[in-house]
Amino acid sequence: MSKAHVYKRDHINTDEIIPARYLNTDDEAELAKHCMEDIDAEFVNKVAEGDIIVAGDDFGCGSSREHAVWALRGARVQTVIANSFARIFYRNAIDNGFYLIESPQAAEKINNGDELEIDYKTGRIKNLTAGIDIDFKPLPEFALEIIRAGGLLEHIKTKKR
Amino acid sequence: MAMTITEKILTRAAGRAAVEPGDLVNANIDVVMCHEVTTPPAIRMLAEHGIEGVCDPDRIVITPDHFQPAKDIKSAELHKRLDDWAKKHGIKNYYRVGRAGVCHALLPEQGHIRPGEVIVGGDSHTCTYGAFGAFSTGIGSTDLAAAIATGELWFKVPPSIKFVLNGKLGKGVYSKDVILMILARIGTDGALYKAMEFVGDAVTDMSMEARMTITNMAIEAGGKSGIMNVDDVTRQYLAGRLKDNRDYTVFESDADAVYESVEEFDCDKLEPMVALPHLPSNGAAISECAGKAMDQAYIGSCTNGRIEDLRVAAEILKGRQVAIRTIVVPATPDIWHQADKEGLFDVFYEAGCVVSAPTCGACLGGFMGILAGGERCVSTTNRNFVGRMGSPKSEVYLASPATAAASAVEGKLTDPRRYMS
Numbered sequence: 002m003s004k005a006h007v008y009k010r011d012h013i014n015t016d017e018i019i020p021a022r023y024l025n026t027d028d029e030a031e032l033a034k035h036c037m038e039d040i041d042a043e044f045v046n047k048v049a050e051g052d053i054i055v056a057g058d059d060f061g062c063g064s065s066r067e068h069a070v071w072a073l074r075g076a077r078v079q080t081v082i083a084n085s086f087a088r089i090f091y092r093n094a095i096d097n098g099f100y101l102i103e104s105p106q107a108a109e110k111i112n113n114g115d116e117l118e119i120d121y122k123t124g125r126i127k128n129l130t131a132g133i134d135i136d137f138k139p140l141p142e143f144a145l146e147i148i149r150a151g152g153l154l155e156h157i158k159t160k161k162r
Numbered sequence: 072m073a074m075t076i077t078e079k080i081l082t083r084a085a086g087r088a089a090v091e092p093g094d095l096v097n098a099n100i101d102v103v104m105c106h107e108v109t110t111p112p113a114i115r116m117l118a119e120h121g122i123e124g125v126c127d128p129d130r131i132v133i134t135p136d137h138f139q140p141a142k143d144i145k146s147a148e149l150h151k152r153l154d155d156w157a158k159k160h161g162i163k164n165y166y167r168v169g170r171a172g173v174c175h176a177l178l179p180e181q182g183h184i185r186p187g188e189v190i191v192g193g194d195s196h197t198c199t200y201g202a203f204g205a206f207s208t209g210i211g212s213t214d215l216a217a218a219i220a221t222g223e224l225w226f227k228v229p230p231s232i233k234f235v236l237n238g239k240l241g242k243g244v245y246s247k248d249v250i251l252m253i254l255a256r257i258g259t260d261g262a263l264y265k266a267m268e269f270v271g272d273a274v275t276d277m278s279m280e281a282r283m284t285i286t287n288m289a290i291e292a293g294g295k296s297g298i299m300n301v302d303d304v305t306r307q308y309l310a311g312r313l314k315d316n317r318d319y320t321v322f323e324s325d326a327d328a329v330y331e332s333v334e335e336f337d338c339d340k341l342e343p344m345v346a347l348p349h350l351p352s353n354g355a356a357i358s359e360c361a362g363k364a365m366d367q368a369y370i371g372s373c374t375n376g377r378i379e380d381l382r383v384a385a386e387i388l389k390g391r392q393v394a395i396r397t398i399v400v401p402a403t404p405d406i407w408h409q410a411d412k413e414g415l416f417d418v419f420y421e422a423g424c425v426v427s428a429p430t431c432g433a434c435l436g437g438f439m440g441i442l443a444g445g446e447r448c449v450s451t452t453n454r455n456f457v458g459r460m461g462s463p464k465s466e467v468y469l470a471s472p473a474t475a476a477a478s479a480v481e482g483k484l485t486d487p488r489r490y491m492s
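Those protein sequences? They're chains U and R, same order as listed. Under the numbering used here, the first residue of the first sequence is numbered 2, with each subsequent residue one higher. Under the numbering used here, the first residue of the second sequence is numbered 72, with each subsequent residue one higher.
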């Protein structure tokens, strides 16, 4: 089971997810220590493996730093559910085999601390605490292909073989 | 089939007969821009995946810029990884420290940007190059690795929004004010995933430097790219600059091309604008925010660190004293040298400013002008997110070089028109 960390805010940007003062490294474990630091300095102490971030519109806007995805992955976040995602962040996530869930209703139907279970195949978020299901549109096939391969570079290697 | 300029460029790059918004295409990449923050991870990932080769070293352009010269041991390691790789692959378009500059000012200046081409870079402000009638977009490290290794990348063809900028800019009003006005209207996700096409008399009147300030901030509206038409101003800028003599293709949108929407703006009555904390879309006219006390002024970056910007700032600072810490960062060595030759450094020195080496520096909270908690900075940069230039408790106010210079003199947000004859 996975706990929801809900940030009822729009435009959570990559400077908040991983501040530029930590961009002098690309070490995932190091980046993970500062994940979400400028929006919630306590996040890294609260998050457990497989937990889920829930947010509003335009999550991941700003810089192209893939470090934002690595910081989240390094912090063992399972996925981010948001009303919408900024473009480069979305692409970076897929390229890293990190699944993102676009769901315009999720932020309203999930409270901080709710237990969630996700069925990626059918596109369903089960909110076990509230006892409700929220459907989402699974990623398109070409993105799933990349995620199944384990990321874009694996995908390229597979295609070349 | 009628197409926009963006659709035409992607059609050619994908080797197709036509494309439309939503199509997934594999596009040939003409230029790959690399800097020391996002490229070393790409190099590492390529090595980890056993992909050693570079598709075409001549299509790669490298400049360290974010923390250049290296600010600490960790960033020095990033520089070293980039340097070793560039040497190993014999990449000739490698701007070492001394010739290195803020990438989005450097690449056009050094003639790497050509109309009709597809450019990607491991930096969100890569959209800047669209000012030259090219398709240009920012990518992360994995995409960068893929582009380096294969010379191509997948794209979803974006729908286009047309921004018609009518009228003439008044005295003391600049392209920075125009893009802040646009952002204030459409918001930081107002053009999410879209190509922003800028046309109109106000654009035609602008220099290439001024145009780049607008396309630079397309990403601040969530845009995939910003793009403008090629005209005589573009051709003149390119003449004598382009790195090779290969012809370039000028594409234009068809009269009946399909846009998702058309936004019209009247630039005649536009006032100098300031984006208040903590979003670039929090724009306010200077008349609404003048008087707010500042602790620092920062004049530089890929948005406004070009020679024109320094000239405007110097004109206001000449014979005056700054009331607050004022940091001037010429974006490239050529700009630095030109400013020196024109005597602008004398002006900055006499006014009490400090001039730094070309770097992205404090724009992203890197170094060379970091803010303490509770401090406010009027900055010619492109983002004012929480903690962007330092402490999460600091505040950044985005403005034009004129507004930043006038505010430096008074120590508070100031209408630059007061200082212009």
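Be aware that a few hints might be false.
What the hints assert, rightly or not - Taking lysine to any residue and the SDA-like style, the derived pairs with C-alpha atoms no more than 20 Å apart in a straight line are:
hint, chain 1, residue 1, chain 2, residue 2
1, R, LYS151, U, THR26
2, U, LYS34, R, LYS151
3, U, LYS158, R, GLY124
4, R, LYS227, R, GLY124
5, U, LYS160, R, LEU95
6, R, LYS464, U, TYR23
7, U, LYS160, R, LYS464
8, R, LYS464, U, ARG22
In case anyone wonders, no lab produced these hints; they're calculated from the structure.
Evaluation of the provided hints:
Distance restraint check for LYS151 (chain R) and THR26 (chain U): the Cα-Cα separation of roughly 13 Å lies within the 20 Å cut-off, and the hinted pair is therefore satisfied. As the CA atoms of LYS34 (chain U) and LYS151 (chain R) are separated by approximately 24 Å, the hinted pair breaks the 20 Å bound. Taking the CA atoms of LYS158 (chain U) and GLY124 (chain R), the gap is about 13 Å. The hint holds against a cut of 20 Å. For the hint linking LYS227 (chain R) to GLY124 (chain R), the alpha-carbon distance of about 26 Å lies beyond 20 Å, and the restraint is violated.
Taking the CA atoms of LYS160 (chain U) and LEU95 (chain R), the gap is about 17 Å. The hint holds against a cut of 20 Å. Restraint check: the Cα-Cα separation between LYS464 (chain R) and TYR23 (chain U) comes to about 17 Å, which is no more than 20 Å; the hinted pair holds. As the CA atoms of LYS160 (chain U) and LYS464 (chain R) are separated by approximately 48 Å, the hinted pair breaks the 20 Å bound. As the CA atoms of LYS464 (chain R) and ARG22 (chain U) are separated by approximately 14 Å, the hinted pair is consistent with the 20 Å bound.
Hint violations for this structure: numbers 2, 4 and 7, all remaining hints satisfied.
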